[in-house]
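Undergrad: The chain contents come next:
Number of protein chains: 2
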Amino acid sequence: MTRKLYDLAGADPELRFSPYCWRVKLALAHKSLPFETIPWRFTEKDEIAFSGQTKVPVLVDGDETVTDSYAIAEYLETAYPNEPSLFNDNATRALTRFVKQWTEDTLHPAIGRVILPSLFARLHPKDQPYFRMTREAAFGMTIEEIAEKREAFLPAFMAALVPLRRTLQAQPFLAGAGPLFADHIVFGALKWARKGSDVPLWDLDDPIERWMEAVLDTYGIAG
Amino acid sequence: MTRKLYDLAGADPELRFSPYCWRVKLALAHKSLPFETIPWRFTEKDEIAFSGQTKVPVLVDGDETVTDSYAIAEYLETAYPNEPSLFNDNATRALTRFVKQWTEDTLHPAIGRVILPSLFARLHPKDQPYFRMTREAAFGMTIEEIAEKREAFLPAFMAALVPLRRTLQAQPFLAGAGPLFADHIVFGALKWARKGSDVPLWDLDDPIERWMEAVLDTYGIAG
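Going down the list, the protein sequences come from chains A and B.
When you line the first sequence up against the numbering used here, it's residues 1 to 223, in that order.
When you line the second sequence up against the numbering used here, it's residues 1001 to 1223, in that order.
Simulated from the structure, these hints should not be mistaken for laboratory data.
Among the clues, some could well be false.
Interface residues of chain B toward chain A, partial, derived using beta-carbon atoms under 10 Å [as the list claims (entries may be wrong)]:
#1 Thr1078
#2 Thr1096
#3 Val1099
#4 Thr1103
#5 Pro1109
#6 Gly1112
#7 Ala1159
#8 Pro1172
#9 Leu1174
By construction, the Cβ of each residue, glycine as well, lies at the ideal position given by its N, Cα and C atoms.
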């Protein structure tokens, strides 16, 4: 039975931008587990109702259905203990949680304020009202107001990248010599930024860019 | 021969506020290495000239003199391999570097904007001109301007604490079941915030407060 991942898509079904789905795709690659993705839109709630969730990622692995990117990583770690670990050991797993929280509490909001309007334009029209409603509530501004303030939001985005960049100037991956789930989490955020933005948000020779390519190269996957 | 740490002090020689010195004190405690501290002021450059450095921490360990908090941690790890590790393993050490960069690039500036004026008032008068000159250059504002903008700076400080707090809601220490150097680094920043502020910057029942007490309890040292 084929392993299936419901993966958020834009109007173009090949546009896969969800930071949480990217985490899972890299985690599956890290465990050398083949899978196919099913493009899914925000409003296709019926398609994943079987999972008990209203959002992706949803992983169907044989008889198991697992939701939530962090829970999926923990599931993969338990279900496939003989494949390379996503967490290395307990101390690394604990620091990975800090990386997760930093990504979700600091990096994601900083990215969102910069890319939300351009991402909105790439969504399937049937998803746009849902996206507008939920994101405007989350950010406390209309999408048009966010677009108007883009220049004002850029410095916070640039500042959020600094600790990441400086770390990657000192070592190849966040987890050291090779990527672990901590890398997957931050990669997902930046892939979301890249896929949602009309313009480059960092230079091609930025250590962040080199690291993103190295993550993909590690697993031999296209981005 | 007694192990000696030159430790930054305020007008009150018992006020030890340096985030970098706190890292080292916790790292020495982690390694169960007895030491005495020598109170040192910013302008007492002659006192540490033997080290080749103009700033503390400076650790004198027998015939070895080591400067820079991160280099000191790496030195202790190498020189005392049979004591508990500060880094656990290579992946943890790599993620510790991200925690260091986040602390220095995001947390320290956010704290500095909130506490610099009150910290300034606690310095030895002979240090105040040096502190004013260097910090006003670093922050691009006079200490009085920083004080005037305190309310405007508070939200960024509060936002910087969020990933830390959420991590510590999920687990006892950043490094999991017990503190490692990653904890020491962030503890140092918050001790600096505490020692430099006229008012509490978080609640007594905040997970951050509980964690700080647990770090001190782990080593049986007073804060």
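Undergrad: Return the numbers of the hints above that this structure violates; sort them in rising order.
TA: 1 and 6
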